[in-house]
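Residues per chain, in single letters:
2 protein chains.
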Amino acid sequence: MDRDGEDARVARTRADVARAALEVLRSGGFDDLTHAHLADVAGYSKTTLYAHWPSRLDLVRLALDALGGWPHHPPSGDLRADLIGELTVFRRSVLDLRLDRVVFGLAQSATSAAAARLRDRVNLEGQRPLRMLLAQRFSGARLEAALSMLTGVVTCPSLLFGALPDDAVIAAAVDIVLSGGR
Amino acid sequence: MDRDGEDARVARTRADVARAALEVLRSGGFDDLTHAHLADVAGYSKTTLYAHWPSRLDLVRLALDALGGWPHHPPSGDLRADLIGELTVFRRSVLDLRLDRVVFGLAQSATSAAAARLRDRVNLEGQRPLRMLLAQRFSGARLEAALSMLTGVVTCPSLLFGALPDDAVIAAAVDIVLSGGR
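Which chain is which? The protein sequence lines are A and B, in order.
Under full-length UniProt numbering, think of the first position of the first sequence as 1, with each following residue one higher.
Under full-length UniProt numbering, think of the first position of the second sequence as 1, with each following residue one higher.
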């Protein structure tokens with residue numbers, strides 16, 4: 001096989017395994033994301049998986065590649081509308097992409113310093129647009145509080161009750177934060 | 001062995017296994033809470049465990065018995081102080097009792113309707129004092145929003161970054177919510 005054919009084959013393997021890794025992380029969590037189980041699901045040999053992605057953290061990274069980052073709301077310049085939009089997109093990602101399970105899986109995987117850094121980087125990046133919006137009104141401890149609170153409007157019902165907030169609850173949260181931030 | 005001796009032996013077994021179940025739930029999460037692993041950790045036979053607690057959900061219930069409920073702040077009548085007190089006790093429970101891992105374990109275990117009901121009951125009960133305090137100021141969607149937001153001040157940093165908020169962030173969150181609730 002020539003070099004281009006080899007590259008294409010590696011890229012296809014990588015894409016297949018990454019999709020399967022994301023599927024396993026969503027359905028079974030980090031504990032299910034082993035080389036043996038992933039080899040079964042993706043239809044490749046364990047040897048191939050170990051050769052390209054030696055550690056379980058590599059498998060988590062693959063799953064995150066397949067996810068391609070958290071979706072976000074395109075900002076309009078209206079702070080209230082943009083906060084509601086960002087939380088609505090976040091809620092939709094929990095439903096459509098099972099982002100909640102990815103986040104739980106990352107939390108569960110973070111037993112080494114390298115895995116904790118990966119979790120921190122992914123979550124920091126995911127929260128960034130919300131942080132930028134809130135920084136228009138808040139700073140310091142108040143910014144950290146507002147950021148955790150608005151993230152919590154979506155993550156807490158999901159974590160505690162397997163449920164998601166309706167539109168009225170999201171709007172009420174944004175209004176409480178914005179009127180408390182005056 | 002007479003009846004009293006038998007009862008005492010069963011109670012001791014139950015207490016031993018419950019403590020071990022909580023320890024396993026905290027250290028390894030729900031996936032580690034199997035009859036085989038718990039039998040090893042608790043020092044009883046698998047047969048004994050299956051005889052008394054046939055399902056994995058029974059093992060989760062045992063762990064929760066050993067936890068004995070979430071600790072709470074005794075209310076003083078000052079709403080701001082009581083909200084800060086309740087969140088501070090919650091933060092301490094995450095540190096001392098690894099309540100975060102119990103909550104993650106419950107979320108992970110909720111793959112059956114019975115397990116989801118158990119999760120909902122435990123979390124509803126845990127949030128109750130915070131809900132009662134916030135109900136002095138909020139109702140409807142605003143109450144749900146405020147409850148998720150203040151729970152999120154502790155759970156979001158823990159879930160996303162393995163970190164906990166400092167006193168200034170907890171106080172800022174309570175102040176934003178109370179001033180937004182006017």
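No lab work stands behind these hints: they were computed from the structure.
A portion of the hints provided could be inaccurate.
Unchecked claim - Partial list, derived from the structure: chain A residues whose beta carbon lies under 7 Å from chain B:
1) Leu64
2) Gly68
3) Ala107
4) Ala141
5) Ser148
6) Gly152
Ideal placement from N, C-alpha and C gives every residue a C-beta, glycine not left out.
Hints, verified against the model:
1. A distance limit of 7 Å between C-beta atoms decides the matter here; for Leu64 (chain A) the minimum to chain B is near 14 Å, and the interface restraint is violated.
2. Checking Gly68 (chain A) against chain B: minimum C-beta separation of about 19 Å lies over 7 Å; hint violated.
3. Using the Cβ-Cβ criterion of 7 Å, the hint placing Ala107 (chain A) at the interface with chain B is satisfied: the shortest such distance is roughly 5 Å.
4. Taken as an interface hint, Ala141 (chain A) checks out: its beta carbon lies about 4 Å from the nearest beta carbon of chain B, inside 7 Å.
5. At about 4 Å, the closest approach between the beta carbon of Ser148 (chain A) and any beta carbon in chain B falls short of 7 Å, and the interface hint on this residue holds.
6. For Gly152 (chain A), the interface hint holds, the least distance from its beta-carbon to any beta-carbon of chain B being 1 Å, beneath 7 Å.
Going down the numbered hints, you'll see the structure goes against 1, 2, while the others check out.
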